[in-house]
Amino acid sequence: MVGGIILNSKSTVEIITEWDIVVARQLGRNEAKIIGFGTVEQARITTAISELARNIYLYASAGEIVIERIEEVEKYGIRITAIDKGPGIDNVRKVMEDGYSTSGGLGAGLPGVKRLMDGMEIQTTVGKGTIIKIEKWI
Amino acid sequence: MKELQIQYKKILADYLKNQTERNLYIGQNFIRQLIQKKVTPEEVISIHKHAVEQIYPDITSEILNSFDFLIEIMVHFGLTVQEHQSLLVQQEELRIEMNVATKIQSMLLKTAIPKVNELDIGMVSIPIRKMNGDYVHFLNDEQHYVSVAVTDVVGKGVPAALCMSMVKYGLDTLEYANNNPSYVLEVLNRIIEKSVDDSMFVSMFYGTYDIKGNIFTYGSAGHEPAIYYNSRDQKFYDLESRGLLLGVMSEVKYRQYKIHLEENDFILMITDGVTDFRKQGDLDPRNVIKELALNYINLSAQEMCERMYAYLKDLTDFNLEDDFTVVIFKK
Amino acid sequence: MNVNVQFREDGNVMRGYIEGEIDTFTAPVLRDELEAVQIVEGRRVELDLSKVNYIDSTGLGIFVAFYKKVTRENVQLRLVGLSSRLVRLFEITGLSELMSIETDAEVELKQ
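Residue numbers (this note's numbering), protein chains in the order written: chain A, 1 to 138; chain B, 1001 to 1331; chain C, 2001 to 2111.
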């Protein structure tokens, strides 16, 4: 699902304060614009970055958002990777269920993030942290 | 999308030229199409923005920016709508499963009223929701004994139904109609206590009738007392037997009592759905039931049950909020 | 139809005042309120039901669950201020043998 060749060097934003979420959003939007996503798609990508960054800010003490351009045969896209050393997600399947979002807890926004993007991959270990990769193609 | 964009632009332009109800109506029909095609709110705003840009090429960038702002904040709105739609699909799946489960339950818990020459038996059990929280189980032993268990499971719906199946299989394994009520209640209590959670319990009235000796032996686990009519005294007696609900504590002893039935005596076993008038006022529900039973005393046990239900159902004070079960043993 | 619970600490006794009707719809509210109560060994819990006019079987289940929980923690539970209708309910279900309950009249006599 998640693959492709990395074109440019990646940009990384460390998420420590709430304002770092804004930095990550800005970076993501710029990249999305350069790649050629339309306004609606830019808004969706930014919202997805926002959700991932918020999860790091609220539930993990440290983490980062990595944004990179990806390319496959005749298609371009964006990949966002959120890496944290937080508590990890105990039950990924449950977090991905609709209706869970009302809980407002860790991972509550993930089903929405998946809807906004074309692909999503979660690796998580309780007590160690979480890596979430999402991508979207033009 | 291109096609929709063109259609929307035309509908919007028509409206801007002429603000008629007809043009609004066309707009609403169009949005119906968009919803069907799963177009999200932020996309609708984007379509609108492009249409406005084309109709008014000189529009200021401030107004266009405001649309971008709206697109941005409507992304979340769109997510909520999509989640809602997906939950609706899931709900429909659950509804179908529930219907299947209801069919299985009613098949599983089907009760046949035994035919015994010396005893007239009647029963009505009506669920308030899809699944019945009341259950009546008969055992009939080669015309020597007839037993009945009248059960009410706390709570409603699926948990109650699962618990009910457990009660049914517990009773099935006891197999013989001549078991003592106290033994039956003790065994069932142990089964239920082990398997259900803390807030779950079952109330049960259990009675065994010795057909040759005309002796009715009964015990109760937290169940609404049965009512006994003695025709010689022309009086009603409550068959009080205080025993703890099934499933609350592991080792509970249940007492049993005996009465001798004479010609025209009857025993009325009910669940609390029958006596539970929430706005009861001065009316004692048990007295209402006794009076009713007297009115129908010349009918068969089955007719008595049916008439009582028909009467209570139409009573204004009697807000049927629970499953309703009446069983009559009439000599 | 609603249920309202308020807890007050009174020395060694945790007093809960419950008001309203406890049925299938309000029972979850009561359950959450009771679950939140801090149970400390050696302390008593007393629930005042003088303003409860109706309990259905689901509501009864909440009290049974709460009774089991506090008993596991070696804490005494007392229900006070029960109307005659509620006393009857606890008697029929055999719960009056298990839990300590007091009627409205008994409370008034003491005062």
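Derived by calculation from the structure, the hints in this document are not laboratory data. Predicted model only: the values in this text are computed from it and were never measured. Where is the CB? At the ideal position from N, CA and C, for every residue including glycine. A hint or two may mislead.
To be verified - In the DSSO-like style, the derived pairs of lysine-lysine whose C-alpha atoms are separated by at most 27 Å in a straight line are: (1) C:K2051 with B:K1194; (2) A:K75 with B:K1037; (3) C:K2069 with B:K1331; (4) A:K136 with B:K1110; (5) B:K1009 with A:K133; (6) A:K133 with A:K75; (7) C:K2051 with B:K1253; (8) A:K114 with B:K1235; (9) B:K1253 with A:K114; (10) A:K94 with A:K33; (11) B:K1331 with B:K1110; (12) A:K128 with A:K75; (13) B:K1038 with A:K136; (14) C:K2069 with B:K1194; (15) A:K75 with B:K1110; (16) B:K1194 with A:K33; (17) A:K75 with B:K1235; (18) A:K94 with B:K1038; (19) B:K1235 with B:K1331; (20) A:K33 with B:K1235; (21) A:K33 with B:K1002.
What the hints assert, rightly or not - Stretches of chain C that chain B covers, calculated by requiring three or more beta carbons in the stretch to come under 8 Å of a beta carbon on chain B: (22) 2070-2083; (23) 2087-2094.
To be verified - FRET-style restraints, in silico, Cβ to Cβ: (24) A:V23 with B:K1038: 42 to 50 Å; (25) C:R2072 with B:K1258: 44 to 52 Å; (26) A:S11 with B:N1023: 21 to 29 Å; (27) B:Q1005 with A:V73: 25 to 33 Å.
Each hint, compared with the structure:
1. At most 27 Å may separate the alpha-carbon atoms for a hinted pair to count; K2051 of chain C and K1194 of chain B exceed this at roughly 34 Å.
2. Pair hint K75 of chain A plus K1037 of chain B holds up; C-alpha atoms about 25 Å apart against a cutoff of 27 Å.
3. A distance of roughly 46 Å separates the Cα atoms of K2069 of chain C and K1331 of chain B; the hinted pair therefore is violated under the 27 Å criterion.
4. Pair hint K136 of chain A plus K1110 of chain B does not hold up; C-alpha atoms about 56 Å apart against a cutoff of 27 Å.
5. Among the hinted pairs, K1009 of chain B with K133 of chain A is inconsistent with the structure: their alpha-carbon atoms are about 38 Å apart, more than 27 Å.
6. Restraint check for K133 of chain A and K75 of chain A: the C-alpha separation of about 18 Å stays at or below 27 Å, so the hint holds.
7. Pair hint K2051 of chain C plus K1253 of chain B does not hold up; C-alpha atoms about 34 Å apart against a cutoff of 27 Å.
8. Between K114 of chain A and K1235 of chain B, the direct Cα distance comes to roughly 72 Å. Violation of the 27 Å bound is thereby established for this hinted pair.
9. A distance of roughly 57 Å separates the Cα atoms of K1253 of chain B and K114 of chain A; the hinted pair therefore is violated under the 27 Å criterion.
10. Of the pairs offered as hints, the one joining K94 of chain A and K33 of chain A is violated, with about 34 Å between alpha carbons and a cut-off of 27 Å exceeded.
11. For the proposed pair K1331 of chain B and K1110 of chain B, the alpha carbon gap of about 25 Å is at most 27 Å, so the pair holds.
12. Among the hinted pairs, K128 of chain A with K75 of chain A is inconsistent with the structure: their alpha-carbon atoms are about 35 Å apart, more than 27 Å.
13. Restraint check for K1038 of chain B and K136 of chain A: the C-alpha separation of about 19 Å stays at or below 27 Å, so the hint holds.
14. Straight-line distance between C-alpha atoms of K2069 of chain C and K1194 of chain B comes to about 16 Å, which keeps the hinted pair within the 27 Å bound.
15. Restraint check for K75 of chain A and K1110 of chain B: the C-alpha separation of about 63 Å exceeds 27 Å, so the hint is violated.
16. Distance hint between K1194 of chain B and K33 of chain A is unfulfilled; the C-alpha atoms sit about 62 Å from each other, more than 27 Å.
17. About 90 Å separates the Cα atoms of K75 of chain A and K1235 of chain B, which puts this hinted pair outside 27 Å; it is violated.
18. For the hint pairing K94 of chain A with K1038 of chain B, the CA-to-CA distance comes to about 25 Å; that is within 27 Å, so the pair holds.
19. For the hint pairing K1235 of chain B with K1331 of chain B, the CA-to-CA distance comes to about 15 Å; that is within 27 Å, so the pair holds.
20. Between K33 of chain A and K1235 of chain B the CA atoms are separated by roughly 90 Å; this puts the pair beyond 27 Å, and the hint is violated.
21. With a CA separation close to 21 Å, the supplied pair K33 of chain A and K1002 of chain B stays within the 27 Å bound.
22. Requiring three or more residues with a Cβ within less than 8 Å of a Cβ of chain B, the coverage given for the segment 2070-2083 of chain C is violated, as only 0 such residues are present.
23. Coverage of a stretch by a chain is defined here by at least three residues with a beta carbon nearer than 8 Å to that chain's beta carbons; for the segment 2087-2094 of chain C and chain B the count is 4, and the condition holds.
24. A beta carbon spacing of about 33 Å between V23 of chain A and K1038 of chain B contradicts the range 42 to 50 Å that was offered as a hint.
25. Between R2072 of chain C and K1258 of chain B, the C-beta spacing of about 38 Å breaks the proposed range 44 to 52 Å.
26. At about 48 Å, the CB distance of S11 of chain A to N1023 of chain B disagrees with the hint of 21 to 29 Å.
27. For the hinted restraint 25 to 33 Å between Q1005 of chain B and V73 of chain A, the CB-CB distance of approximately 29 Å keeps it satisfied.
In terms of the numbered hints stated before, the structure departs from hints 1, 3, 4, 5, 7, 8, 9, 10, 12, 15, 16, 17, 20, 22, 24, 25, 26, listed from lowest to highest.
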